[in-house]
Structure formats: C-alpha cells, structure tokens
Amino acid sequence: MAAAGMCTTSTPPPTIKLDFTGNTFSVREFSDDDLVIELTYVDYSDDDFNMYTSTVVSPDEAALDSQIADDFNGPTSVPLCNHLMDYFIAPPKTFWVRVSVPELS
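FYI, the numbering used here numbers position 48 of the sequence shown as 51, with every residue one higher than the one before it.
Rather than coming from a laboratory, the hints here were simulated on the basis of the structure. Ideal Cβ placement from N, Cα and C applies to all residues, glycine included. Don't take every hint at face value.
[Stated by the list, open to error] Label pairs and their calculated CB-CB ranges:
1. Y47 x T11: 30 to 40 Å
2. P105 x S29: 14 to 24 Å
3. D22 x K96: 34 to 44 Å
4. Y90 x T18: 14 to 24 Å
5. S57 x T11: 17 to 27 Å
6. P17 x D49: 30 to 40 Å
7. D49 x G77: 19 to 29 Å
8. A93 x T14: 35 to 45 Å
Work the whole structure out from these sequences, hints included.
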C-alpha cells in the first residue's frame, strides 16, 4: 500500500476495503491506478490454509517495487483462511483483489 502511494509505512489506514474477483473480465474494470494483487493457488497447508503466491499487478510503481522485493526475498506466499474460500465454489486457481481505503465519514 505504501508503494502504491496509499499510505506510509508509519501511518497505515485504520480500515481497508477488499474487492475480490475470480473473473478475468471483471478484473479489467479495475483502474490502472488501483492497487490490484493477483493470487495464484500453490497448495493446501497442514494448518488448514489455502496457500497462494501474490503478484502486484498495478499500479506500475507498486508492481515494480514488489517484483524487486520478490527477486531478493523470493515470491511471497499468502495463507488464506477457509472462511474467505466460502465466497467461492472451490478454491480458485487464480483470482484478484483490489485494495482500497474507504473514505471516513
């Protein structure tokens, strides 16, 4: 989020909004300025999590920063809880999440 210009590392937002889609057509509706992360299924862990690798798709600056970090540290594995998988018929092979900061009212 910091690389996407949405916050600083010392002042994260109090709330974030996550929009998930497994539909390749729906992901095209996200703006190039949106923080979009592609998650690709790796395996099921022993502690009941579905494991995914993550790739920052946009914005370009955040995607580049993420790729550089992956080059140094290796790809990031993300454990997703089974409750999140309730929104899908089966764990999707690939899906996308748009991360945004809602306006405070």
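Here's how the hints hold up against the structure:
1. Between Y47 and T11 the beta carbon distance is about 36 Å. The supplied range of 30 to 40 Å therefore holds.
2. For P105 and S29, the hinted distance range of 14 to 24 Å is satisfied, since their beta carbons lie about 20 Å from each other.
3. As the Cβ distance of D22 to K96 is approximately 19 Å, the hint placing it in 34 to 44 Å is violated.
4. The given range of 14 to 24 Å is respected by Y90 and T18, whose C-beta atoms sit roughly 19 Å from each other.
5. Distance hint for S57 and T11: a CB-CB separation of about 21 Å, consistent with the stated range 17 to 27 Å.
6. In this structure, P17 and D49 meet the distance hint of 30 to 40 Å, their C-beta atoms being roughly 34 Å apart.
7. At about 20 Å, the CB distance of D49 to G77 agrees with the hint of 19 to 29 Å.
8. Evaluation of the 35 to 45 Å hint for A93 and T14 yields a pass: the beta carbon distance comes to about 38 Å.
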